[in-house]
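Listed here are the chains, written in short residue letters.
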Amino acid sequence: MSEKQKLVVIGNGMAGARFVEDLLARGGGNQFDIVMFGDEPYGNYNRILLSGVLSGTHQAQDIFINSLAWYEENNVKLHAGVRVQRIDRITKTVIGADDIAESYDKLVIATGSSPFVPPVEGIKSDEREGNKDGVFVFRTLDDCDGIAKYAENAKSAAVIGGGLLGLEAARGLANRGVETHVVHLMGHLMDVQLDGKAGKMLRNSMEQMGVNVHTEKATTAILGNGHVTGLQFKDGSALECDMVVISAGIRPNTQLAKDAGLAVERGIVVDDTMTTDDPDIYSVGECAQHRGMVYGLVAPLWEQTAVLADRLTGRKTEAAYTGSKLSTKLKVMGVDLAVMGRKEPENDDDEVVLYSEPSRGVYKKLIVRDGKLLGAMLLGDTSTAATLLQSFDRGSELPENRAELLFDLSGETKSQSVADLPDDAQICNCNGVSKGAIVGAVKGGCTSLKKLCDATRAGTGCGACKPQVEEILQFSAGDLLTEDASAHYYVPGVPLAKPELIAAIQAQNLKSVSAVFAALANGKEDPGSKAGLASLLKTIWHDQYEDERDARFINDRVHANIQKDRTFSVVPRIYGGVTSPDELRRIADVADKYQVPMVKITGGQRIDLLGVKKEDLPGVWKDLGMPSGHAYTKAFRTCKTCVGSEFCRFGVGDSTGLGIQIERKFQGIEFPHKLKMATTGCPRNCSEATTKDIGLIAIEGGKWEVVVGGAAGSKVRKADLLVTVDSHEDALLYTGRFMQYYRANAKYLERTYDFVERIGIEKVRQVVVEDSEGIAAQLDADIEAAVAAYVDPWEEAHTPQHPSQFVNLLSAKETAQIRSLQPAYGD
Amino acid sequence: MLTETLSYVVFNLGNLNRIPLGEGREYQIGDEEIVIFRARDGVVYALQARCPHREGHLADGITGDGKIVCPMHSYKFELATGAPVGNDCQALKTYPVRISQAGEILLEWPSVTK
Numbered sequence: 002m003s004e005k006q007k008l009v010v011i012g013n014g015m016a017g018a019r020f021v022e023d024l025l026a027r028g029g030g031n032q033f034d035i036v037m038f039g040d041e042p043y044g045n046y047n048r049i050l051l052s053g054v055l056s057g058t059h060q061a062q063d064i065f066i067n068s069l070a071w072y073e074e075n076n077v078k079l080h081a082g083v084r085v086q087r088i089d090r091i092t093k094t095v096i097g098a099d100d101i102a103e104s105y106d107k108l109v110i111a112t113g114s115s116p117f118v119p120p121v122e123g124i125k126s127d128e129r130e131g132n133k134d135g136v137f138v139f140r141t142l143d144d145c146d147g148i149a150k151y152a153e154n155a156k157s158a159a160v161i162g163g164g165l166l167g168l169e170a171a172r173g174l175a176n177r178g179v180e181t182h183v184v185h186l187m188g189h190l191m192d193v194q195l196d197g198k199a200g201k202m203l204r205n206s207m208e209q210m211g212v213n214v215h216t217e218k219a220t221t222a223i224l225g226n227g228h229v230t231g232l233q234f235k236d237g238s239a240l241e242c243d244m245v246v247i248s249a250g251i252r253p254n255t256q257l258a259k260d261a262g263l264a265v266e267r268g269i270v271v272d273d274t275m276t277t278d279d280p281d282i283y284s285v286g287e288c289a290q291h292r293g294m295v296y297g298l299v300a301p302l303w304e305q306t307a308v309l310a311d312r313l314t315g316r317k318t319e320a321a322y323t324g325s326k327l328s329t330k331l332k333v334m335g336v337d338l339a340v341m342g343r344k345e346p347e348n349d350d351d352e353v354v355l356y357s358e359p360s361r362g363v364y365k366k367l368i369v370r371d372g373k374l375l376g377a378m379l380l381g382d383t384s385t386a387a388t389l390l391q392s393f394d395r396g397s398e399l400p401e402n403r404a405e406l407l408f409d410l411s412g413e414t415k416s417q418s419v420a421d422l423p424d425d426a427q428i429c430n431c432n433g434v435s436k437g438a439i440v441g442a443v444k445g446g447c448t449s450l451k452k453l454c455d456a457t458r459a460g461t462g463c464g465a466c467k468p469q470v471e472e473i474l475q476f477s478a479g480d481l482l483t484e485d486a487s488a489h490y491y492v493p494g495v496p497l498a499k500p501e502l503i504a505a506i507q508a509q510n511l512k513s514v515s516a517v518f519a520a521l522a523n524g525k526e527d528p529g530s531k532a533g534l535a536s537l538l539k540t541i542w543h544d545q546y547e548d549e550r551d552a553r554f555i556n557d558r559v560h561a562n563i564q565k566d567r568t569f570s571v572v573p574r575i576y577g578g579v580t581s582p583d584e585l586r587r588i589a590d591v592a593d594k595y596q597v598p599m600v601k602i603t604g605g606q607r608i609d610l611l612g613v614k615k616e617d618l619p620g621v622w623k624d625l626g627m628p629s630g631h632a633y634t635k636a637f638r639t640c641k642t643c644v645g646s647e648f649c650r651f652g653v654g655d656s657t658g659l660g661i662q663i664e665r666k667f668q669g670i671e672f673p674h675k676l677k678m679a680t681t682g683c684p685r686n687c688s689e690a691t692t693k694d695i696g697l698i699a700i701e702g703g704k705w706e707v708v709v710g711g712a713a714g715s716k717v718r719k720a721d722l723l724v725t726v727d728s729h730e731d732a733l734l735y736t737g738r739f740m741q742y743y744r745a746n747a748k749y750l751e752r753t754y755d756f757v758e759r760i761g762i763e764k765v766r767q768v769v770v771e772d773s774e775g776i777a778a779q780l781d782a783d784i785e786a787a788v789a790a791y792v793d794p795w796e797e798a799h800t801p802q803h804p805s806q807f808v809n810l811l812s813a814k815e816t817a818q819i820r821s822l823q824p825a826y827g828d
Numbered sequence: 029m030l031t032e033t034l035s036y037v038v039f040n041l042g043n044l045n046r047i048p049l050g051e052g053r054e055y056q057i058g059d060e061e062i063v064i065f066r067a068r069d070g071v072v073y074a075l076q077a078r079c080p081h082r083e084g085h086l087a088d089g090i091t092g093d094g095k096i097v098c099p100m101h102s103y104k105f106e107l108a109t110g111a112p113v114g115n116d117c118q119a120l121k122t123y124p125v126r127i128s129q130a131g132e133i134l135l136e137w138p139s140v141t142k
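Residue numbers (this note's numbering), protein chains in the order written: chain E, 2 to 828; chain D, 29 to 142.
Just to be clear, a hint being listed does not mean it is correct.
Unchecked claim - The calculated SDA-like cross-link candidates involving lysine to any residue, where the alpha carbons are at most 25 Å apart (straight line), are:
id: 1; chain 1: E; residue 1: K525; chain 2: D; residue 2: P48
id: 2; chain 1: E; residue 1: K235; chain 2: E; residue 2: I251
id: 3; chain 1: E; residue 1: K452; chain 2: D; residue 2: T109
id: 4; chain 1: D; residue 1: K121; chain 2: E; residue 2: K451
id: 5; chain 1: E; residue 1: K565; chain 2: D; residue 2: E61
id: 6; chain 1: E; residue 1: K814; chain 2: D; residue 2: P138
id: 7; chain 1: E; residue 1: K623; chain 2: E; residue 2: V644
id: 8; chain 1: E; residue 1: K748; chain 2: D; residue 2: S102
id: 9; chain 1: E; residue 1: K344; chain 2: E; residue 2: A320
id: 10; chain 1: E; residue 1: K666; chain 2: E; residue 2: P493
id: 11; chain 1: E; residue 1: K499; chain 2: D; residue 2: S102
id: 12; chain 1: E; residue 1: K451; chain 2: D; residue 2: P112
id: 13; chain 1: E; residue 1: K467; chain 2: D; residue 2: C117
id: 14; chain 1: E; residue 1: K444; chain 2: E; residue 2: P493
id: 15; chain 1: E; residue 1: K512; chain 2: D; residue 2: L49
id: 16; chain 1: E; residue 1: K444; chain 2: D; residue 2: P112
id: 17; chain 1: E; residue 1: K565; chain 2: D; residue 2: C117
id: 18; chain 1: E; residue 1: K614; chain 2: D; residue 2: H81
id: 19; chain 1: E; residue 1: K814; chain 2: D; residue 2: C117
id: 20; chain 1: E; residue 1: K201; chain 2: E; residue 2: E352
id: 21; chain 1: E; residue 1: K452; chain 2: D; residue 2: N115
id: 22; chain 1: E; residue 1: K7; chain 2: E; residue 2: R90
id: 23; chain 1: E; residue 1: K565; chain 2: D; residue 2: H81
None of these hints come from the bench; they were simulated from the model.
All chains should be modelled from the sequences, with the hints used to inform the complete structure.
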């Protein structure tokens with residue numbers, strides 16, 4: 002016999018399912034046998050996204066949170082599609098349709114709410130059960146489906162109710178090309194959340210988007226025999242339409258509780274522990290009434306389920322729900338909106354801060370009492386919503402300058418502040434260069450950006466402060482501002498831009514760095530240009546490139562990353578981040594044998610052996626028996642992966658397999674800067690593919706999105722969608738083609754995120770996807786040649802390129818003292 | 029009056045071709061580390077081994093146009109004189125060096141005796 006208690010949950014919606022998830026997360030699966038009843042024949046889905054399904058931005062399958070399989074896996078018995086008919090508190094039994102009965106020790110009522118249908122004539126069909134053809138409510142997936150199907154043949158639609166949900170429904174219908182009308186009883190839209198002015202402005206925005214808004218219209222009848230033909234209003238006017246969606250608010254589903262004799266007012270009355278007046282029966286979500294409030298938003302509901310789960314599992318026996326401060330941030334038909342707390346002042350002393358800009362549809366209003374935020378309303382521009390929400394939630398003191406709360410000044414302060422900053426403000430955070438030092442250098446004659454950076458070292462670290470340095474230069478230099486011609490050169494020491502440089506190298510058959518200097522720079526071998534030229538020549542000539550090791554940076558001479566103490570970091574290639582016990586053992590043995598001071602997991606899903614002596618590098622590589630991970634050079638680094646469809650229950654694509662394929666193919670290829678990739682098995686993006694140079698994102702239907710130009714370093718940038726493909730082969734094809742386009746056209750040390758911004762994603766797409774320049778085949782051939790020329794540099798462990806390649810110190814011997822002299826100093 | 033005799037000890041640093049063309053290698057001379065650079069144009073330079081900025085080993089840097097760039101933070105110096113280029117570090121110490129007929133590097137190392 003099971004010692005577990007039996008827990009029955011009525012309701013499988015946002016609250017019921019969330020509560021069960023919360024309970025399982027707290028180990029409740031070991032304490033309770035869980036049984037759920039759900040009205041709808043599905044697993045549970047995110048009701049908030051229903052409007053997305055209606056407007057076509059989401060597929061129905063995208064909004065499911067848990068599939069039916071999830072319930073089985075978690076040993077939750079779900080009666081899907083079974084409506085509960087009554088609760089017998091004497092026998093502690095829940096009885097559902099078809100005489101399904103479940104006894105309970107503990108019962109949770111999460112029945113949510115139903116659409117409120119106002120008393121309007123002509124809703125019901127004359128001929129059969131149910132509504133007249135073309136009359137809908139908007140609450141469930143099935144409603145959504147019905148509306149969408151009917152809309153296919155409808156010319157015009159009316160939505161009764163201009164609240165949030167009604168406007169969402171209107172958006173969905175408008176997106177489907179139906180002439181859409183919103184009919185609202187009150188004087189302005191969203192009257193619960195917005196004041197009259199904001200409501201009017203929202204109305205203007207709606208109307209500009211082609212939605213017709215009718216306020217102060219009480220609908221008295223739905224016209225039409227058999228199917229909808231129009232609406233009749235109380236004022237005598239009428240509106241022709243082919244369908245109606247009723248969205249006039251929601252009512253808590255309390256009938257079950259009421260029938261069972263529980264205390265019910267507007268909702269099922271619960272205390273701070275979410276318990277009803279029966280100590281074994283609880284209620285959470287839209288059906289529950291707590292301290293006089295019934296909540297219709299998702300955040301309070303989550304707070305409630307967490308408290309109940311804490312208590313029932315004994316995880317936190319003192320957990321209590323004390324009510325939620327209401328706030329919401331959302332988009333209504335593409336218009337940003339954030340509201341919290343009160344919408345109107347209550348006392349004479351309450352302060353109202355207002356900003357209104359009707360031409361842009363921006364309206365902002367704050368209600369302040371005793372220096373604290375009592376309510377806020379932001380329409381059209383919600384840039385300060387996060388700050389306001391924080392002040393609202395914490396009840397913290399507001400800044401005296403209320404404008405700071407209305408406008409995001411950070412963008413402007415940046416440009417203003419560089420001029421306004423004190424001289425000792427640090428501009429370059431890598432090299433610790435102050436504004437004063439930069440201004441001083443400009444006054445001292447550094448009137449071009451390059452000279453200024455060279456002289457002060459500002460902007461020569463990560464480079465993030467360069468725009469600010471340039472700004473300081475501009476306002477300090479004034480008319481004296483000069484431009485370095487070299488700013489346009491590929492490398493500073495050869496006076497040619499990249500296309501001309503490549504053309505000259507090819508025309509004159511220049512295959513080594515010294516040959517380039519001799520032919521194109523009067524023999525002057527600028528040390529700052531050597532590494533860039535070496536990389537470019539490798540790109541152009543592949544295996545015909547004449548390697549001169551002194552042209553390389555030390556990392557590329559010894560294939561490891563130099564550290565501050567002249568030791569090196571060794572990162573072997575771990576394809577797609579997938580390793581094996583055998584590999585791990587070898588890595589551990591190497592770490593022991595060479596007394597590696599630190600073994601660290603890298604951000605790129607590899608293992609870094611830090612502190613290896615230069616002399617030990619060949620031995621380390623030999624003993625590892627793994628190829629180089631190129632973690633030291635301007636090349637393709639790694640492809641981070643998630644476990645994808647192989648293990649993850651959300652995975653829709655084999656991200657691990659694809660990531661491994663990518664690393665095997667493109668390993669070691671040089672670029673103007675480093676290049677990082679990731680593949681992710683679903684849009685949850687666990688491997689952070691949207692902030693990589695190239696990311697591949699699996700989406701439903703066996704497709705992959707190829708995104709480029711992402712960054713998450715000193716600069717953060719979301720990658721742009723290049724193309725969506727439906728096979729690994731095409732994913733590799735476009736990855737390679739973009740790589741080659743970047744290799745051939747980027748400036749030296751220009752990352753893809755700057756490159757894509759400079760060229761423009763549209764142009765990149767035209768060339769790489771649509772082949773607008775007819776070079777796709779050449780790009781493909783060039784990258785394939787680079788792939789073919791790959792040689793693992795760690796092979797040099799066996800055949801060093803020079804006998805002293807890995808030697809720091811050579812021997813010296815003293816010979817005879819051969820001369821001496823009498824110095825002139827000393828008297 | 030104090031008289032000092034400044035004499036030079038010559039160290040044989042072995043064959044020049046132990047250093048790859050264009051690169052540098054270090055030698056231990058008494059208590060001091062020095063670096064020899066073998067420039068691409070055939071000139072050989074002897075300097076103090078470490079960058080005054082953060083002790084970077086100049087031997088791992090890139091040479092060219094008579095200059096050495098430190099691998100740590102790209103500080104630049106004149107190979108012939110040790111003078112800093114574009115930074116205000118102290119100049120690097122330099123030492124006389126020549127190549128023997130047998131192709132060996134001969135370093136002239138000052139030694140002070142009283």
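(message) Hints numbered earlier in the text: which of these fail when held up against the supplied structure?
(response) Violated: hints 4, 7, 9, 10 and 19.
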